[in-house]
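Participant: Okay, here's what each chain looks like letter by letter:
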Amino acid sequence: MSSTVQPRGTTKIALTAHSWLVYLFFFAPIFVLIVFSFSDDRNVGRWGGFTLEWYQDFVEHSQLQNAVWVSVRVALLSTVISVVLGTLAALALERFKFRGRKVFDALLYLPIIIPDVTMAVMMLLFFAEFFDILESVFGWDAQKGLGSITISHIAFNISFVSVVVRARLAGMSEVLEEAALDLYATRWKTFRYVTFPQIVPGVAGGALLALTLSLDDVVITQFAAGPGATTLPVFVFGLIRRGVTPLINATSVLMLTASVILVALSLAFQQFSGRGGRPSLRAARQAVSAPPTTNTQIKEGIYQ
Amino acid sequence: MSDRGDHQVSEQIAAVKLTAITKRFGSVVAVDNVDLEIADGEFFALLGPSGCGKTTTLRMVAGLEFPTEGSLKIFGDEAGTLPPNKRPVNTVFQDYALFPHMTVEANVAFGLKMQRVAKQEIAGRVQEAISLVRLEGLEQRRSQQLSGGQRQRVALARALVNRPKVLLLDEPLGALDLKLRQEMQGELKALQREVGITFVFVTHDQEEALTMADRIGVMNEGELLQVGTPAEIYEHPVNRFVANFIGQTNLLDASVVSNDTVCLANGVHIPGKSDLPVGTRVAVCLRPERAGMHPPEEVPPDQQSVVGRLESVTYLGNALVYTVVLDWARLEVRRENQPGGYRPHVGEEVAVSWTLDAISVVRA
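Each protein sequence line maps, in turn, to chains A and B. All letters in the first sequence, in the order written, are residues 0 to 303 by numbering that gives the first Met the number 0. All letters in the second sequence, in the order written, are residues 0 to 363 by numbering that gives the first Met the number 0.
A couple of the hints might just be wrong.
[As the list claims (entries may be wrong)] Below, a list of computed lysine to aspartate or glutamate pairs in the EDC-like style, where the Cα atoms sit at most 20 Å apart:
id, chain 1, residue 1, chain 2, residue 2
1, B, Lys272, B, Glu297
2, B, Lys112, A, Asp56
3, B, Lys164, B, Glu36
4, A, Lys96, B, Glu64
[Said to hold, decoys possible] Here are some chain B residues the structure puts well away from chain A; computed CB gaps all over 12 Å:
id, residue
5, Thr21
6, Gly62
7, Pro83
8, Asn84
9, Asn89
10, Asp94
11, Val107
12, Arg115
13, Glu120
14, Ala158
15, Val160
16, Asp169
17, His203
18, Pro229
19, Ser257
20, Gly266
Treat the hints as calculated values from the structure; they're not laboratory data. Remember, predicted model here, so these are calculated numbers, not experimental data. Ideal placement from N, C-alpha and C gives every residue a C-beta, glycine not left out.
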């Protein structure tokens, strides 16, 4: 059945061609990247036959491997911390009324809105001042590195996590929490047994988003990183300046794969409950829309 | 002697006692200086239009809101600011608020689990509660897989399994369709008799309140206007609002002449008992089914009457509703649809009549 709203004739052909062009525009560079990561030629744009040499290089390149581990550690640590803080912020904003709530709400969105470079410069200044204070007060000569990168990633990840978790919380009725309190649960148990299971998809989605953002970030990390430690994207960025080899292609393909998997997982988690809920909702609606006719049927319906 | 005295005292302790309870939300007064005693074992209805403060009152008993002023006692113990998890009451929420990520069984077991009841005892009591509301076989279902009536039963079981001293129900039948609602009215009443605990329910449906409750408290704009049995409230409403809210009624403007006479707005004095001061503006409340109708010259001598023109007749099947227009009022008369009898035509002059015991005089 085609409705009159559906495009026909030349319009339909033009629209289809347009979407294919868009896809081509999106995916052709990725395709080229992937193909040339298997090319047996030092020159990044020339095909020299199939090889896995660059992937082997990636595994054996000690500095690259170092950067991978820094990336992974920063990502995991900043994700765990920002998920806890972001979820708490979401709960506070969605469930409690307090003074300065609106201001807090607006400020929380700031890291999402402000440009990366601005955030990066802010971080740079912050760490410079902060380390000065540390040195003059405690005599501790702190250096930028793993710690400063992690802190800067937490700073922007909190916002993303809290936005995702809040969306989930907003869809959850407060009455459930009241019911738990009414049924002798303490506030902690209410969170543990009712609120948290309800927002788990949002928390997991937020966590995967945070993980992705942390793994992919270049600009902010570059300003927060020090001689001691650098993340994979920043290291790759540095490599490019020294000349592009298919090693970078191979690294990029691996990073791309990791990101795609994380984003896909994040989306899947956020829709998780939607999918679980809908079919049964449909069943319930069907049960209601086919009302029993006789008295005995009604009784059977109720007592079943 | 002393034994008997103790017994009397314990009987006198109210299940719920509100004394001068006021609840304000900012500048809005949701509940205004309410005094109310609900006896142990009673099926009590709080009735009123939406926004009248009935739900806020219920939520204060549940502990989900704390009163701004006044005292709230549950079985003699001050409970005003106790959190909900420290009160011997449980609530059936308006849309049931079943935990969607849990099975029926887990929902029902939740309260006992939170109270750290032994596992074996939980299993037994959950089974008992589930069979009390006849949900056997559905233990492993989730709330999305249940019909509206079934969800309501789960909510009841989830509350009753804790053996609360008072069960609170917020519009318990509001989410059900008409047929199911009528069935459940009987069910709830039977259930209350079976478990023998105090039920307090909130409703905006006067018919529901009249059908189910032992006593009704009528609220409007935060005030508790009248508390009484369904018959008391229907037959002797205290004021115009209550008379209008409970069932259909005709209200004739009048003023008090003496303690057994009132003067209708057309200047005619008629018998009407009231203990209000002389001169008070009142309304004479005449229920449509209690009004009689006769040709103007054939009104029985023991009845009062007013004469008007028949404007319309509404056919209801089992009854007919006649609308009679006077130059100062409009009256509805309901007659059972029985063969024979007086059947005036639209446009005719008719007398609407009543005996003294058919009317009540209420504050305007």
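Participant: Now tell me, hint by hint, if it's right for this structure.
Facilitator: Status of each hint after checking the structure:
1. Lys272(B) / Glu297(B): violated, 26 Å
2. Lys112(B) / Asp56(A): violated, 57 Å
3. Lys164(B) / Glu36(B): holds, 15 Å
4. Lys96(A) / Glu64(B): Judged against 20 Å, a Cα distance of about 15 Å means the pair holds.
5. Thr21: holds, 21 Å
6. Gly62: Contrary to the label, glycine 62(B) does not stay out of reach of chain A, its closest Cβ about 8 Å off (not over 12 Å).
7. Pro83: Violated, since 4 Å does not exceed 12 Å.
8. Asn84: violated, 5 Å
9. Asn89: Asparagine 89(B) not clear of chain A: closest Cβ-Cβ about 6 Å, inside 12 Å.
10. Asp94: violated, 7 Å
11. Val107: The claim is violated: valine 107(B) sits with its nearest Cβ about 10 Å from chain A, within 12 Å.
12. Arg115: violated, 9 Å
13. Glu120: holds, 15 Å
14. Ala158: Per Cβ check, alanine 158(B) is inside 12 Å of chain A; nearest 8 Å; violated.
15. Val160: violated, 9 Å
16. Asp169: violated, 10 Å
17. His203: Consistent with the label, histidine 203(B) stays out of reach of chain A, its closest Cβ about 18 Å off (over 12 Å).
18. Pro229: holds, 26 Å
19. Ser257: holds, 53 Å
20. Gly266: holds, 54 Å
In the structure shown, a violation is registered for the earlier hints numbered 1, 2, 6, 7, 8, 9, 10, 11, 12, 14, 15 and 16, in ascending order.
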